[in-house]
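Novice: If you read the sequences in order, they're chains A and B. With the first letter of the first sequence counted as 1, position 2 gets the number 2 in the numbering used here; the numbers rise by one all the way through. With the first letter of the second sequence counted as 1, position 74 gets the number 74 in the numbering used here; the numbers rise by one all the way through.
No wet-lab data here; the hints were simulated from the structure. Treat the hints with care, as some may be off.
Covered, in the sense of this in silico footprint (three residues per stretch, anywhere, with C-beta under 8 Å from a C-beta of chain A), are these stretches of chain B [as the list claims (entries may be wrong)]: (1) 83–93; (2) 113–120; (3) 203–209.
Not the full set, but computed from the structure, chain A residues with beta-carbon under 7 Å of chain B [as the list claims (entries may be wrong)]: (4) T17; (5) R21; (6) F24; (7) A77; (8) A78.
All residues carry an ideal CB built from backbone N, CA and C; glycine is no exception.
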Amino acid sequence: MSAIDYLLLMVLMALTTAVTRSFFFLLADSRMPPWLQHALGYVPAIALAAIIAPDLLMSGGQLAINPSNAKLLAGIAATIFFLLTRHLISTLAFGMAVFTLLRLFAPAL
Amino acid sequence: MDSLQAEQAAREKAAFWDGVRISAPTMPGLVAWGAVTGMVLVQSGLSVWQAIVMTLMVYAGSAQLAVLPLIMAGAPVWLIFLTALLVNFRFIIFSAVVGPHFAHLHWTRRLWYGYFNADLVMAFFPQRFPQHTLAKPTGKLGYFTGLAMPTWCSWQLGSLIGILLASQIPRDWGIGFAGTLVLLGLTIPLIVNRATLAGVIVASAVSVAASGLPYRLGLVVAMLAGIATSVTIDRITVSATDQEQGKS
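With the sequences and hints as input, model every part of the structure.
Specialist: Shown next as structure tokens:
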């Protein structure tokens, strides 16, 4: 990506931040219809899931739902840890620790 | 008149420091999260200046992490933009909580303040100013700034530390996976009902199945499939609830 393209992209991305965050600052007098409120509620989770799923479930371009997939195992461990603690930073530390240990000490997996 | 204005300014100032005080305990965590994000940006392949420009301009961690694989895969600008937009959609909900309190300001100032209405600000603001305080503007700008300014500073400080440290860390440590874990931790609390869960499962499956499509277009297909699933299940659930209520 050229420097100009990259800067253009950064401007566009900054706009998505500004416009979404200030949406009901700008439309402060209007009320959201309930169906839209519902729809907006689940879009971010779906967008994020679509992004992370390939990294967790695939390895080298192939489906890898098996115990030799260190990212999948670490992801599952991190999910359980997060559900128990609800703490993002410690979940990150825990997940990375599991991932690193699996990579270092179970390379045959 | 002057004394009234001075009194007003003193109130805003007091509210500002209230905001700083109440959000202070969360700032170390924010610095750490910023540092991880900054590190991931560089470890995933952005140059130091690209990462700095992104951090300072975009100021939205999850969108920044989400677009990384797309930038690295050479996806078209419109697709990367669309992805950032969809990931940022949750901010529209946040803005509905805080935005109405600033309806009296000029639209340029509303856009400006809105840009700084990050997750933490949205979490703290309504604790002091719930919906029934809408008509009373006193202290709101001060309090909002007292939350937003430390939030921005902590995030940027952490990000810059991470970006500059990243080159000291070997690539094969797999720090990039931290980005996926952060996104995972942000996704789980957003799965608030069955409709969302179903959409998440469908989007994940389709994203994997369609990952071979060029320009990461599989991502768009996956998001559309997930949203369609959630909307459909939402409709069915709502109409079922309506029927039950009709019976009783």
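Novice: All hints are to be evaluated individually against the structure, with a verdict given for each.
Specialist: Hint check:
| no. | hint | result |
| --- | --- | --- |
| 1 | 83–93 | holds (count 11) |
| 2 | 113–120 | holds (count 6) |
| 3 | 203–209 | holds (count 6) |
| 4 | T17 | holds (5 Å) |
| 5 | R21 | holds (4 Å) |
| 6 | F24 | holds (4 Å) |
| 7 | A77 | violated (10 Å) |
| 8 | A78 | holds (5 Å) |
Violation of the numbered hints given earlier is confined to hint 7; every other hint is satisfied by the structure.
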